Amino acid sequence: MSEHEYQPKSKVGKWFNDRLPLLSLASHLTDYPTPKNLNYWWTFGGILTFCLVTQIITGIVLAMHYVAHADLAFSSVEHIMRDVNYGWLIRYIHSNGASMFFLAVYIHIFRSLFYGSYKSPREVIWIIGILIYLLMMAAAFMGYVLPWGQMSFWGATVITNLFSAIPLVGESITTWLWGAYSVDNPTLNRFFSLHYLIPFLILGLVVLHIWALHVPGNNNPVGIDIKKPSKDTVPFHPYITIKDLFALLMFMIIFSGFVFFAPNVLGHSDNYIPANPMVTPAHIVPEWYLLPFYAILRSVPDKLGGVILMFSAIFILLILPWLDTSKVRSSVFRPIYRQFFWILVIDVLLLGYMGAMPAEGIYLLLTRVGTIYYFLHFLVVLPVVGYLEKTDPLPVSISDPIMTGGANVSFAKRNDKNI
Amino acid sequence: MPEKKEKTTRRDFLYTASFTVGAVGLGATIWPFIDQMNPDKSVQALATTEVDISNIKPGKSITVLWRGKPVFLKRRTQDEIAEARAVSLEELKDPQKDEDRVKDGKDEWLVMLGVCTHLGCVPLADKGDYKGWFCPCHGSHYDVSGRIRKGPAPVNMEIPKYEFVDNNTIKIG
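Sequences listed follow chains A and B, in order. Quick note: the first sequence, position 258, residue 258 per our numbering, numbers continuous. Quick note: the second sequence, position 66, residue 66 per our numbering, numbers continuous.
Calculated directly from the structure, the hints in this document are not laboratory data. Please read all numbers here as calculations on a predicted model, not as lab measurements. Misleading hints may appear alongside valid ones.
Calculated lysine to any residue pairs in the SDA-like style (CA-CA distance at most 20 Å, straight line) [unchecked claim]:
no. : chain 1 : residue 1 : chain 2 : residue 2
1   : A       : LYS327    : A       : VAL124
2   : B       : LYS161    : B       : ASP52
3   : B       : LYS41     : A       : GLU78
4   : A       : LYS14     : A       : ASP31
5   : B       : LYS41     : A       : MET81
6   : A       : LYS243    : B       : ALA17
7   : A       : LYS243    : B       : GLY22
8   : B       : LYS103    : B       : THR49
9   : A       : LYS243    : B       : TYR15
10  : A       : LYS243    : B       : ALA125
11  : A       : LYS327    : A       : LYS243
12  : B       : LYS57     : B       : ALA125
13  : A       : LYS227    : A       : HIS79
14  : A       : LYS303    : A       : LEU364
15  : B       : LYS161    : B       : ARG101
16  : B       : LYS161    : B       : GLY120
17  : B       : LYS41     : A       : HIS79
18  : A       : LYS327    : A       : PHE341
19  : A       : LYS243    : A       : LEU291
20  : A       : LYS390    : A       : GLY352
21  : A       : LYS243    : B       : TRP31
22  : B       : LYS41     : A       : SER76
23  : A       : LYS243    : B       : THR16
24  : B       : LYS127    : B       : LYS103
25  : B       : LYS41     : A       : LEU364
26  : B       : LYS41     : A       : VAL67
27  : B       : LYS41     : B       : TRP31
28  : B       : LYS41     : A       : MET64
Could you build the full structure based on these sequences and the hints that come with them?
Here's what the structure looks like:
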């Protein structure tokens with residue numbers, strides 16, 4: 001929180017603000033001192049807020065027309081697509097919006113990894129972020145079940161069967177999740193209920209995420225601590241709002257490109273076949289944003305082992321701030337880690353590609369290599385590099401290298417262009 | 001810039017242009033989210049109902065569903081028609097001639113939306129002080145022409161758009 005005490009000018013404003021300091025909050029958000037060197041990778045927080053609000057609004061509209069019943073769900077989605085005024089548009093925004101949401105969140109997470117935004121004093125922001133990411137995956141999975149097409153049904157079957165890998169109680173847990181002896185109407189009903197609930201849990205966590213952010217303030221591309229407010233900062237409004245808005249408009253162009261010109265390119269055509277419990281599609285894959293974890297699941301020849309490894313791949317991120325032993329935040333000043341960062345990016349993309357391929361032959365081998373490397377990065381590379389790496393000298397302040405034109409400037413700029 | 005206070009600048013133009021484009025874009029985006037709540041084509045497609053009236057005897061009425069609302073089809077006796085037409089318009093809360101509530105030459109057929117104009121309940125047939133309809137919700141009395149005579153309802157029961165396809169069939173809507 002900024003330290004200055006805000007006083008509303010009007011009497012009514014003062015009266016209200018003394019009772020509920022909303023105006024103080026608005027003033028804090030407006031004046032919030034932001035590092036002046038934030039680049040466009042920092043605009044994805046705003047973009048993600050937009051994505052969440054879009055999903056909630058389009059989702060509420062879809063729920064007005066959707067019927068959560070095994071016999072009616074598929075036709076009600078077709079009804080939305082064919083009959084409901086602008087239903088096609090709203091559903092395509094919602095389904096592609098999920099993909100856009102994950103695209104933005106992956107960029108946001110890798111931004112954090114590159115610039116060390118998860119490190120002290122921002123560990124809690126990071127952990128809340130990972131919890132949001134987990135909830136996003138749960139929401140996306142359950143949402144994908146709702147149209148009750150072939151991919152919905154069999155995706156739900158495969159994912160819920162993951163829990164049957166748990167020793168002793170696995171079968172009971174799976175039955176409990178289903179509310180039946182297979183994925184059936186009770187499953188669909190509870191998934192709809194939870195799919196409606198989760199976005200509001202995410203919204204609550206987003207508030208905490210931003211609150212936790214506003215305590216230490218933003219990290220920045222140079223990654224050094226700055227004094228706030230000072231010549232190193234600019235007020236959030238209008239400097240950051242207008243920059244975020246511009247980035248959002250660029251993002252919306254890509255978003256609209258999908259919605260209007262390729263609305264089904266990210267989906268699977270099998271989901272336009274009504275769910276059939278008697279026939280499994282020949283090639284069953286999750287949505288693209290879950291593929292790396294799907295690949296890790298399939299890389300292990302053991303049922304329980306695969307499930308454990310897949311969940312570990314996500315939960316390992318929770319302890320990331322303590323696995324990274326380097327005191328320097330930004331990769332701009334970490335010549336060795338920077339290279340491992342890009343290897344990790346390639347590794348995750350590779351795992352994603354492998355997740356879409358059949359689990360056999362060379363694909364399986366590469367998936368295993370990719371999986372092993374993924375864990376090596378977090379468990380070995382991060383702690384070891386942190387100790388051994390000789391980092392580049394840090395500037396005294398973010399204004400400093402710009403004013404004096406030291407050697408670090410060109411270095412920093414070159415790298416900013418690369419990512 | 002106190003010396004150029006009144007002059008319109010490039011920046012003013014850009015501001016106005018940007019806000020205009022933004023407002024139009026926002027409006028165009030909001031419209032689908034409002035319009036999705038309107039009746040869609042599949043609802044509009046059910047907007048007509050055909051009714052076979054050959055089995056209705058004089059003095060009897062049937063009720064059919066049209067657009068989710070009840071429609072009363074009453075085959076009135078000559079006495080009832082005479083009674084409806086004898087009423088002077090001054091007595092009526094919502095003055096309307098009985099002739100204007102039926103089709104020419106089809107005087108015996110009263111086709112009327114069976115919805116009380118007060119708050120939307122369905123009135124009971126052959127009840128009330130005027131031998132027409134009586135609404136149990138808040139006590140509105142209608143006559144044999146479906147005109148409001150007593151009670152809180154403001155206007156007569158509504159006559160929907162309908163036509164005689166042939167002597168035995170009425171198409172409502």
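Right, here's what the structure says about each hint:
1. Restraint check for A:LYS327 and A:VAL124: satisfied, since their Cα atoms lie roughly 17 Å apart, inside the 20 Å limit.
2. For a cut-off of 20 Å, the pair hint linking B:LYS161 to B:ASP52 stands: about 17 Å separates their Cα positions.
3. Distance restraint check for B:LYS41 and A:GLU78: the Cα-Cα separation of roughly 14 Å lies within the 20 Å cut-off, and the hinted pair is therefore satisfied.
4. Our distance criterion of 20 Å between C-alpha atoms is met by A:LYS14 and A:ASP31, whose separation comes to about 19 Å.
5. The hinted pair formed by B:LYS41 and A:MET81 meets the criterion: a straight-line CA distance of about 12 Å does not exceed 20 Å.
6. Distance check on the hinted pair: A:LYS243 and B:ALA17 sit about 19 Å apart at the alpha-carbon level, within 20 Å; holds.
7. For the hint pairing A:LYS243 with B:GLY22, the CA-to-CA distance comes to about 16 Å; that is within 20 Å, so the pair holds.
8. For the suggested pair B:LYS103 and B:THR49, the alpha carbons sit about 18 Å apart, so the restraint of at most 20 Å is met.
9. For the given pair, A:LYS243 sits about 16 Å from B:TYR15 by alpha-carbon distance, which is consistent with the 20 Å threshold.
10. Straight-line distance between C-alpha atoms of A:LYS243 and B:ALA125 comes to about 68 Å, which puts the hinted pair past the 20 Å bound.
11. Taken as a hint, the A:LYS327 and A:LYS243 pair is broken in the structure, with Cα atoms around 30 Å apart against an allowance of 20 Å.
12. Restraint check: the Cα-Cα separation between B:LYS57 and B:ALA125 comes to about 15 Å, which is no more than 20 Å; the hinted pair holds.
13. Under the criterion of a C-alpha separation no larger than 20 Å, the hint pairing A:LYS227 with A:HIS79 is inconsistent with the structure, at around 57 Å.
14. Between A:LYS303 and A:LEU364, the direct Cα distance comes to roughly 15 Å. Compliance with the 20 Å bound is thereby established for this hinted pair.
15. Using a Cα cut-off of 20 Å, the hinted pair B:LYS161 and B:ARG101 holds, with the two alpha carbons roughly 11 Å apart.
16. A C-alpha spacing of about 19 Å is found between B:LYS161 and B:GLY120, which places the hinted pair at or below 20 Å, so the restraint holds.
17. For the given pair, B:LYS41 sits about 10 Å from A:HIS79 by alpha-carbon distance, which is consistent with the 20 Å threshold.
18. Proximity of A:LYS327 to A:PHE341 is assessed by CA-CA distance (about 16 Å); at most 20 Å being required, the pair is judged to hold.
19. The straight-line distance between the Cα atoms of A:LYS243 and A:LEU291 is roughly 32 Å, outside the 20 Å bound, and the hint therefore fails.
20. Among the hinted pairs, A:LYS390 with A:GLY352 is inconsistent with the structure: their alpha-carbon atoms are about 33 Å apart, more than 20 Å.
21. Distance check on the hinted pair: A:LYS243 and B:TRP31 sit about 27 Å apart at the alpha-carbon level, beyond 20 Å; violated.
22. For the proposed pair B:LYS41 and A:SER76, the alpha carbon gap of about 14 Å is at most 20 Å, so the pair holds.
23. Between A:LYS243 and B:THR16 the CA atoms are separated by roughly 19 Å; this keeps the pair inside 20 Å, and the hint holds.
24. As the CA atoms of B:LYS127 and B:LYS103 are separated by approximately 25 Å, the hinted pair breaks the 20 Å bound.
25. Using a Cα cut-off of 20 Å, the hinted pair B:LYS41 and A:LEU364 is violated, with the two alpha carbons roughly 50 Å apart.
26. Between B:LYS41 and A:VAL67 the alpha-carbon distance is near 18 Å, which keeps this suggested pair within the 20 Å criterion.
27. Annotation: proposed proximity of B:LYS41 to B:TRP31 holds, straight-line Cα distance about 17 Å (limit 20 Å).
28. As the CA atoms of B:LYS41 and A:MET64 are separated by approximately 16 Å, the hinted pair is consistent with the 20 Å bound.
Figure legend: structure checked against the earlier numbered hints; hints not met, in rising order: 10, 11, 13, 19, 20, 21, 24, 25.
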